[in-house]
Structures are given as C-alpha cells and as structure tokens.
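> What follows is each chain in one-letter form.
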Amino acid sequence: MNIHLKITAIILLVLCGLRAFAQQQQGDVQFEYRSFAEMYNVVDTAEMNIIYAHSMFDPVKKKKEIVYELLSLGKDHSLYRMLAGYKSDSVSNSKAGGKYWYFGEDYKLYRTYTNTYGSSRERILKSYSDSKLTFTGSMLGDTYQASEPLYDGMQWTMEEDAPRKILDHECRKARMKWRGREWTAWYSDIPYNDGPAKFGGLPGLILELTDSTGEHKIRAIGIKNDRYPFGLNNGNPFKTSRERYNKLLEGYISDVAGTLYQQGRVTGGLENERKKKPRRLFYCPIELE
Amino acid sequence: MIRRLITYLLCVVSAMSASGKVVLTGELTDADGNPAVGVIIRLYKDRTKSPVAFTTSDRAGKFRLAKETLTFPVTLTFASSKYAAKEMTIEKDPGVLKVPLRREDFVLEEVTVQAPAARVKGDTIVYDVNSFKGKGDRSIEDVIKKLPGVTVDDSGKIYYDEEPINNFYIEGMNLMGGNYMIASQNISPDDISTISVYERHQPKKALKGIVDSKNAALNLKLKKGRMLKPIGYLRGGTGYGDRLLWDGNFYGMLVSPVNQTIITAKGNNAGSPYVSVGNQDGEGRATKTFNKMPFGAPSISQSRFLDNRSGYFSANSLFKLPDETTLTVNSSYSLENDSYEGATVTEYLLPGAPAVTYEEKASSALQAHRVSAGLKFEKNKDRLYLLDQLTFRGLFNDNRYLLHDAGRTEQTLYNHEFRVRNTFKTVVRRARKIYEVSSVTELKNTPVNHIGAVRFASEDASSSETVMGQTVKGLSFFNSESTGFSFQFGRISQAGVELSFNAAYDRLRSLARGSEEEPVKDDRNDVSGYKIRTAATPYYRISFPGRFSAKLSVPVEMLDIRYVNALNGDVYSHHRPYLSPLLSVTYKANQRLVLDLDAGRRRTLGDIADFIDNPIYTTYRSVTTMGTGSLRKERRDYVNLSTIYRDALAGLYLMASGSFSITENNTISVSDVGENGSSVSSSRLNESNRSRSTMARFSASKRVYDWRTTFALSGTGQWRTRKRIRSGEKVDVNSSFYTLTGRVESSLFSGKLATNLSCVYSHVRQDFGGKMGAVGLNSVEFTGKVSVFPTDILEIFGDVSLNHAELATGGYKSNVFVDAGMRVKLRKFEIELAGKNLTNLRRYEYAIYSSLDIVNYNFRLRPIQGLLTVRYSF
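Sequence order for the protein chains is A and B.
Residue 1 is where the first sequence starts when you use my numbering, and the numbers rise one by one after that.
Residue 1001 is where the second sequence starts when you use my numbering, and the numbers rise one by one after that.
Rather than coming from a laboratory, the hints here were simulated on the basis of the structure.
A few of these clues could be false.
[As the list claims (entries may be wrong)] Below, in silico cross-link-like pairs of lysine-lysine (DSS-like), each with a Cα-Cα straight-line distance of 27 Å or less:
1) K1021/B <-> K1082/B
2) K1021/B <-> K75/A
3) K1049/B <-> K173/A
[Said to hold, decoys possible] Some chain A residues well away from chain B (every beta-carbon gap over 12 Å; in silico):
4) I124
5) Y128
6) S131
7) Y252
8) C284
Yeah, the Cβ is synthetic: ideal placement off N, Cα and C, and Gly gets one too.
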C-alpha cells in the first residue's frame, strides 16, 4: 500500500475513534442542534434593553423572591422575559454560529444564569403596529400561548407628584386599577410607550411599577444597548385564553402533586402522598382577575 | 333656516372650544413625506408638569388629541425612537397640524446594572460589594466587616452570628483553609462582585439536609475579567521613626476554573508584625508551660509597642481534579524578631493583711520562626465525602528578658516544637444510611525547651549568679478514630450512633539545672502514660428541614488513664464510665427568625498535668505546680439560649443570647505570695469547688442602604463566682464584667466622606466575700476613623483612638493615639504617606485584674513615625 494511503487510513481510523469516543462521552442522550433562527420566529431586532429587578412577595408562603427581567425593545416589537433567557440566548448565539449546546460548560453556564437570575419560560411579545400582545408560558413541559389587545383595559390617571429620577431619567407618576390590583407607575422621557410585563400605554417607558399591596415591585436597574434578533419560540403551543392559562397555572402551583396525578403524569403512591397536604409553590401573580 | 341653524351650532361649538376644550389633530411625516408611525405626542398646559393628554401616531402618521377644560396656548412634544424629538407651542387652534420630523435614531445611554445590595435565596444571602464598598476600603475584609451579623477580630478571624465561619471560599473553592486571612486581608474589593453568606453551612455535600451546621461560610465571587489572569499588588516603602523604617509586600493570586494559587511575601520593621507573638504560643504542653510574654503586654495592637523586624512568605495552590476532587498545597514561613519594654506594679491582695506591692521593669526580646506545610486531598460528592490532610508545623522561639527590680536579672527562654498531623475523614451516603469514619493521628515533640535566669550583682555583666535554670521536655502522640452510622426514619427523623476512640500518650520531663549531677527529687518531674477515651454516643434527631431540628444525644464514655512517675515509681490509674446527656434544638420560625437552645452536661477530665506534682519555674520568680497527684474532674451543667432575627433585605440584624452554667470541680487554685512579692507560686488543692457563671449578650445592627450607613449596638454582661485560696485562706471570688458598644459606620456624600465611629464602655468589678476589699475599674474607649476624598484620586485619612481608663492606683489615665495620612491613586499606582502616633505618646498605662491580683502596666510605645509607600496593583 502506498505510504500516503497508509497515512490517510490511519488518520481516518483515528478520527473515527475520536468520534466514537465523543459519542460515548455524550452517553445515550440525543442532542439536537438547532440554530436560533430555527428555534425562534424572529420578528424584530432589539436596539435597547432595560433590565428590571422584580421583587415579589407570596402572602401565603410569606416568602419574598427577587428575579431579574429584561425588556428588549425593537422598532415595532418588544419582548419581556427573564434575564436568564437572554443570557442563555447570548451563550448560544456566541457559540458555534448560534447553535444550542445542551451539555458541557455551556449548559453549566446556562444553569448559572438561571440560578442567578431566576428561570421561567414565560415571554410577552408586544406588537406596536398590530396593537397586539402575545403571551407564552410553559407548564410541565407544555407551552401555552394567549393573545390579547395591547394594553387592554389600562386606564392610567396622570398624577402631579414631583418627578423622580430613575437611572438618570426624569420620571412622572401615573396610577390605575388593573385586573384586581392597584398599580403606580413611574414613566420616563424614553420614547417608548412600553413597560415591564404587560404594562405600557403611557407617554414614555415605565421604569418603576409597584402594586398597592407591596407584593410586586418592578424597578429598572440597568440599560444595555445590545443588538440581537428576538421572537417567540417556533414550537407548536397550545392556544388558549389568558384567563384559562392563569387558572391552570394557579391550580398547578397550589397542588403540584395533584396536577401531576390528575394529568396522568404519575401514578401510584404519590396519590396518597398528595392527599396528606398539597405542596404549593411560590406564587404571586400580577393578574388577580 | 337649516343654514342658519348650522351656522349657529358651529358658532356655539367654536365658542365652547375657545372657552374650555382643546382638540388637536395632525399628521406627522418624515423628510420624504412618508407617514411617521408610532410617535408619542404629549400635550402639556405647563411644560414643567405632567402631560394632560397623550397619544401615538397611527399607521398613516395621523393623531388626534382632545382635552376638556383646557385653553390655548398649549405645548406639544413629539418623541420617537426613530425621529428627532420636537416641541412646539400652539397659541390658537391650528386646524390640522402638518408636522415634519427629522429622521434620527434615539440612543439611550447604557447604565450598568445596579445590583441590589442584598439578595436572599434560602439560606444564602448575596451581598453586592459595590453597595457596601467605601472609597477607603483597601481589602475585602474591610467590606466583610460591614455585613450584617459579621464581626472580624484583630487577627482577621471572621465570625457570623458570633460563631467562627467554617469555610472561606473563593469562587466556591476553599484554598486557604483556616488561614483565610491571607486572602481576606489582601484581596482588593475592586476585584470582587459579590460576597455570599451561606448560613448554617454544611460543607460536606453528603451530609447536606441531614446534619445542620451552626457555622456559616463566605464565598467571594470575582468580577468578570478577573479570572484567568494574575491579580494582586506589589508594595514598597520607607520612612523614619526613631530609626530608618522599611516595608515591602507582594501579593499575587490566580484564579481559574481548575486552579487557584495565592503567593505572598512581605517584610517590615515599621510596626506591623505578621504573626501575633501570643502568650501561649505553641501547642505542646511543655511549650505552653511558658508564657512568651510573661511580664505583661498592653491590651492594644502590637503595632503600637513592638519594635519589630518581621518577614512572612506563603505559597498556596488548589487544583480542581475531575470527579469533584481537589488537591490543596499550603506552605508558609514567618520570622518575628520583636522587642518591647514595660514596667508593672503588681498588687497582690491578701486576706486579713495589707496588699503586697511588687515593681518590675522588663525589656523583652522575642524571636520566633514558624514553618508550616500542608497537603490536602478532598472529594466532596453528594454521596461520598473523602478527606486526607497531612500538616507539619515547626515553631522555634529564642526569647530574652532583661529585668530590673531591686537588681538586674536576665531570663532566657528557648523552645523548639514540631507537630505532624494526619486527618482522614469519610462519609458515605447510601439511600437512607450514612456511614462516617474519622481518624486523626498526631505527633507533637518539644525536644528543646529551656528557661534560665542569671542575676547580675551590678550593671557590670562580668559578675553574675544563676538564679534558676530548668528544662521541660514533652512528647505526645495522639490518635483519634471515630465512626458513625445513622438511619433515616421517614422524612423527618434520624437515629444513629457515633463511636469514638481517642488515645493519647504523653511524656513530660522537667529537670532543674544541676540536678542531673546532684538529683534533687523536688526539682524534677518525669511522668509518662496514656489516656484512652472510648465513647459511644447514641442520638436521635428530628428535623423538619429549614424549620425545626432537635438532637438528643447520650454519650457514654469509658475513661482509662494510667500514668507512671519515673522518679518514685508511683502509678496513677483510673478506669470508669461517664454519662453526659446533651440536647440541642433549633427552631426557624421563618426565614428571618431563628431560635437555638443547647443544654446538657459536659465532663472534663484531667490529664498528665495532674500528676506533675513538683514545681516548675515559669519565670525567674514564679513557680507552678500543675497537679495534685490525683485526677482533676470537672462537671459542667449548662443551658444556652440564643435568638437571631435577620432581615438582610432591610439590613436589620438582632441577636440576643444568654447562658448559665454550674461547674463542680474537685480542685481549687492556690496562689501564694512570698515576702515583698519577690516570689509567687501557684498550685492546686484537692477540695470541692463549685462555681457559677451567667452571661447575657445582645447585638443589634441596622444598615440603611440609602444612607450607606450602619448603626450597631451591642452589650455583654458576665457574672461569675468561684473559690480561690490565697496564703492559706479560702476566698470567694465574685466577678462581674459589663460592656456596651456603639458603632456607626457611614459613607456619605456619594462616598466622599467615610466614617467609622465606635465607643466601648466597660466595667469590671470583683469582690472577695468581705475577706479583701472589693475593687472595680471603669474604662471608655472611643475610636474614630475618617476618610475624605476631595477628588477621585486623593484620600486623606485619620484615625483617633482615645482610651480613658481607671487605674488601680487611683484616678483615670487617658491615652490618645492619632494616625493620619494621605493616599493618591493614579491608575494602577497608589502612593501613601502615613504617619503613626502623631501625638507622640510614649507611655501606655492601664490596669487589669488577674485573678486575685491587680496589675498596673506602663509600657513604652513606638514613637511618632512617617512612612512613604508605593503600591502597584495588577
């Protein structure tokens, strides 16, 4: 055999061996490599990003949690989600040309972000030109989607309190009653009539929002000028209404084991366990109605 | 008719509009005439107030704004992310407005995320360093001191909830072990993003959720970009006090995901000893027999009175291996060549007789070398914990003391001590079963330990006589094996048993000079033997994780002692079992409020010291007889109760604790004073002795984040009764001690002024059941630290310390220390000019109670000094 052929054969064998070794390292899990564009229905490009700290208090568990959320502002859309989601998107975008890596160091980094900033797959996409809001949330592995008119039922009353500075922007006060809570907003001179979560409809970006019970306090803590595409997950969500989703979520949060059992996801001994005392998760919804 | 009616209606509408309603319609376009979509239009009556109405332009660029009860003129503003902002004042109804807008992207200035000062996640509190950092903070220790519930003592040891922390992590890795001060006192706060406090931290993952710990741990998280590159500083300087001063320091640290390395090398003669030349330096019994500062030391920082030449080197590295395993190597060497001078006036109180007063002046020259090295292998997995740690420590003291009383005496003290210790621990968790094995093997040897004194007839050193000379050598071997097994019953209860076996072999020999040739029995000791303790501790623990836990244990221990006195052949042996029940309860009412209760009986049984029944010189004029020839037994019944309320988010920390104990002892301390106080002796006498001790403490601190200020108040009260024998007469000693401390630490005017003020009042009182006069001392100590930052690169700082203390000789004495200086920071360089003891206070006077004696100290202080140093950070 020609010496070149021998060398080529050896290289091929080594490469095959390495590949086999790599597969062995990954075990039986099948990893799916999908690009960002494949996973998301990109609708806009973020030009500005507002980071909010969202403090929540669960009056039943008497427990407080702080999570970090991000509002990505594009030309005609905005996306509101957990900061961890943005961070993990950044990881995937910076690695291997936007491919998702679900193992190794990148997965650890993702876990670090979710541990640090809180994890939730809830996303709120607002379309300014369509005056439409699309919400996606997930529960027990299923994704749900609900739509409603933008800033539906938000009747703000402007207040004449002295202006406040938040992140060096002069902010004015406005109040409203909305879906069971009384909200106070401090909106800025930033030319977006948007805000955290589903809120908006004021003549400037909302930088702080509190409810009268003190259970929610959302405050802008940082501004970033990163540019990146954004959109909602390209999956096949269950279409539902916001009322139905909220009811479903409340049921799941109030009795995790019961929901699992009811949905047939688990059987057997857990039923007895759940009869003793339903396990309730941390719950502090923005909407009460 | 209809035309007239329409005209009339139009007139009415127009009149209404003019009198109280504004309706504005318009069309927004860009430079090319295309509609400007999504522009926010605000309508103002008064531009300084909130808009009275607003809207957004539609897809055709059109808008309509209407407001009742509003009259012209009004102001309109147009704002959009795509167009330049525009503002126009409208004096009267303009009809349909045509507003062209110039294309311009709105740019928002980035604002770095302001992390909240504190975040709470379960038992972890994460503090943002920037929220606590002041401009004058040089090391991360300065920031740690400000965290609620944290105190740091003079040696750098960190306490949380009054308990020492059990681990100091950097990026989750424990490189420095118990010697973490090297890191905490050198790492710059500029390199750290957060400090996490892990409350009740169980460092062994295999015991997490099963065995609670009372101790917390700290974790430093580095800022982005500080990993994978060396960080640290190099500092050098010179100055003058009463001699030329020098100071040099290098600190380097490299942190990566798989390795951490810290190297430090430093030296100075500017009054900053690196290792405390403590009184009871050393670990072996023979070494501990001799106080290294037997003629007293001021209760102030050693940097105030020690003339030092100090050097220190330390190299430490941690390697992260696969499978959650780490390998850590630590080594250090230190040299202290220190001296100081002082005079004491000791008042020996005597029952039924006037007190005897003895005066003495001493110049102490202390030289100490310390070497230590350690190798640690640790595997910390969810189901397996494995540790093997080998450490070596060598200590070499060579001290000289020049005494001036009636004449001139020189005392010398040499000792060498070595210690080698191996620690092995493992925990295996299999489903509900937990197996634990622990083994400690230690060898301590004191081959050289000699004290001697010569007295000079005059200042002429040629004529002298030996006052005393004694060699005390010690050897000990210690082995401890323990194992445990526990079983989890259901989700909340656990039962188990811990078995332990401790065996200690000790030998202690003392030999007075000259007695080898001419043995005198009373001048010698030679005792050796063993002490074996075998214990079985069954326990039951009930635990609702994060809520309530209680543990009841009933240790049954068998004690076997056998010591032989080689001089007379006497054999002391003791073999019998003991029972000591213990109860520990923790209740966590919520995330903020925790209550702890500990109660039980503890027994302390003596050792070889009890059979050292011939006197040993501890100084040229003091002798001690350690034992009585029979085993010392102590039984302590105690109850401790503490409660802590902490709301980290509100920066509030409250702690209150109390303890009470009764101790039964079978010996009483005896102290006798020779004529004129020129000799003192201490020993013990076999007689029942009951003592009571009560203690109460409270501590409260509130961090006002908006003011960047911490207010703290703490207090302690201690009451103790015990018996002593002085000059053959039994005396009831009742002592009480109170302290009240207030502290305010603040960073004001955007950090341009940093202050730290504290004031401590203390009162100590002793009475002797009427047999001797009661005595009491008051003292107040105020310390103030101020740093001013006129510009971002300049810091002017000053420290004032005022001690106003009552002297036993009567009256009060005030000692005022003032230090000040300035620092200029130029990028990576920092130049510092620091002056110490600016009032040039040369003597420090204070008084203490020492058992039945009152000692007035008067020490020489380092003079005023100035030091110029340059520091380069990398």
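> Determine for every hint whether it applies to the structure shown.
These are the hints, each one checked on the structure:
no.: 1; hint: K1021/B <-> K1082/B; result: violated (31 Å)
no.: 2; hint: K1021/B <-> K75/A; result: violated (34 Å)
no.: 3; hint: K1049/B <-> K173/A; result: holds (11 Å)
no.: 4; hint: I124; result: holds (18 Å)
no.: 5; hint: Y128; result: violated (5 Å)
no.: 6; hint: S131; result: violated (10 Å)
no.: 7; hint: Y252; result: holds (22 Å)
no.: 8; hint: C284; result: holds (15 Å)
Hints 1, 2, 5 and 6 from the list above are not met by this structure, while the remaining hints are.
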